[in-house]
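**Student:** Here is how the chains run, residue by residue.
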Amino acid sequence: MIIYNKTWLNNLAVHHQFETLHHAGCITAEELKAVKEQYPIGFYTPGIIIRVGMFILTCITVLFSFGLLSLFVSAMHVVEHFGWTLFLGIVTAVILELITKEKNYYRAGIDDALMWMAAIFIAGALWWMLEPQGYGHGHADTILVSLVTMAVSLAATLRYADMLMAAISTLAGFAFIFFLWTRFGFMGTATIPFILMMFAGLGYTRLLSLRKKIPIPYYDNCIIMAQIVCLVVLYAAGNYFVTDWANHLLNNIPQKVKLAVKWAPFFWAWTMLAPLVYIGLGIRKKNVISLRVGLVLMAAGIYTFRTYYHIMSIELALIIAGVALLALVYLIVRYLKTPKHGFTYADIDNGDKANNINIEGLITVATFKQPHTHTAPENKFGGGDFGGGGSGGKF
Amino acid sequence: MDQHLLNKLHTEGTISDESFAKIKQRETEGLFSLHWEIKTLLYLGILALTTGLGITIYKNIDTIGHQAILIFIAIIVIACFVYCFKHKLPFSKSQVQMPATFFDYLLLLGTLCFLIFVGYLHFEYKVFGDQYGMATFIPMLVLFYIAYDFDHIGILNMAIANLGLWLGISVTPKKLLKLFDFDSQTLVFTYLAFGLLLLAFGWATKHFDIKKHFKFSYQHYGVHVSFIAMLSGYFIHYDNGLACLWLIGVFVLGYVIYRDAMEHHSFYFLLLTVLYSYIALSCLIMRGLMSSDAIELVMMYFIISSVGLVSLLIHLNKKLKAS
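Residue numbers (our numbering), protein chains in the order written: chain F, 1 to 395; chain C, 1001 to 1323.
Note that these hints are calculated values from the structure, not bench results. Any given hint could be a false lead.
Just a sample of chain C residues kept apart from chain F, beta carbon distances all over 12 Å, derived [claimed, not checked]:
id, residue
1, Phe1102
2, Phe1144
3, Asp1260
Derived lysine-lysine pairs resembling DSSO-like cross-links, with alpha carbons at most 30 Å apart [claimed, not checked]:
id, chain 1, residue 1, chain 2, residue 2
4, F, Lys340, C, Lys1022
5, C, Lys1022, F, Lys103
6, F, Lys286, F, Lys340
Predicted model, so just to flag it, every value in this text is computed and none were measured. Don't be surprised by glycine CBs; every beta carbon is placed ideally from N, CA and C.
Construct the entire structure; sequences and hints are all you get.
**Tutor:** Written out as structure tokens, the structure reads:
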């Protein structure tokens, strides 16, 4: 399925693991070099900067080539037909296949550009084919459009293991469910939030077990992206603002008109509590994805609340939020002065930049339960900053 | 972590006993770092609090009075800098680590509040009179001092931006601004001088070995400003045949930056010099092709040149890695 050399992909994963260990200060640079030499990679992967440059230049090449080709055949009137776009997309895809195999490009900018061009041209041509009369003839076309998008991006994900394609594919899948289900008249529009929640929750748990089951991390990043999309959709489906907005949209009522949302207490509870559940689960299971998505969604929840209820002025809300956040940070830093329950606030994956808190220091602290001299200034800082915030509030 | 692989590497001797023990220790500890989350929350907290206070001050400006606000801002500035000076590490010509994890946040807060203080003071009491140059020159000096003394690259970037502001204002006086009579040529020359000055700073940073890691910031701004100034110089004088001299300037500077990038293994500056030189070359060729009115030729040029550029980049990348 995947186009890349699997041994090299495995070796790449080995490199990443040992690079992390090197940054954390566990292994020396010589050891890292030795490991890398023992597990060689034949991919052509330039740095991010050259990758961006190559991406831009490849886009220029492809677009001007297509422009020139279209100019040559414009007399034959094929350019007005979707088949021409499809043809160009397939040509790009074939070039991509050949060039990736021949030159062993892996995230080189050239392959990225060709992949996106091919996907956009093919998907665009298929949309064009499905809707020759233009957009908006019933719901059938949106169903097909989301299906086509999902198929094309899923194919690209499986073949090239691209993270962004995985995200688009997952989103298109949910769009497909949404458009399909809302076709069932009133019953469909009333139950759609629950259907989406069900599929998103199911998708997330399936992906969690999938990531544990697959020992070979070819698609690791893709699965992480899909998990993030699932978590966000799971939240958004029950978010009060989103349900209110979708309710207007599906019943063709202008957004200005006030409409009673059914099950409002449930949706409000979901809006405010679901992010907390995400954060709680993230901390319990030590899952970074759930924790960070939860933090972002908490902000979304508070924002939703503020759009409906103006219980206090924006500046007061900001001051309270600021003081609360700084107090929270102060408390966490104070609580985790010595690592507890396997948590630390030090940057353990980056031994060089952890400001004197190296892993040995942490271990010493954990073992002997003695105050660590290096951590003292941080703690003092936390206090100072919070004090500043407090005086500000009083002022 | 793949235990099988780790054990294999250990028995083969690739990973030493000491490192193996460290890895094992790390795994048994199983520490989960909240570093990123805490930093984000701290940043958001500072942002929310300062914005909230800012709005409050703005809304109640009539009742609070300017002096009270100024004193309040001054207290923050003084508090931050008292802390920073107390805990700072001694000045060194090489890179200095921050003494504590969140030290740089506090330094940044103090510096930002200092800028607000100066701006407020000038806006309300006109301490610098009509001397807009002075109003930007003094903060600039302070910013450069803080950047060097505390070794803070973020504040160095602010200082560089302030230097540009100061130069821009000094060259186009207030009178010209009022008349909307921008003297483009003067502006281009000013920016070119600014860019070259920054490049000279970058070179001196390296040559005299004072805060070598600051070189990137100087060069980053210097390269962009100089190239853009020369390209705009070309377009301003487009009708004049001598405008091509500006493009020759681009190529000369491009070559200098190219040599420097090769010497210091910088992919970033290599890409910049290639792209800016490509733009200049395309300008020259378009000038020739535009008169012949052949769209096919223009397209052919872009196809061939971009393919050529991709292979050039691959080649240079290889050369840079090999050297």
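**Student:** Give me the numbers of the hints this structure contradicts, sorted from smallest to largest.
**Tutor:** 1, 5
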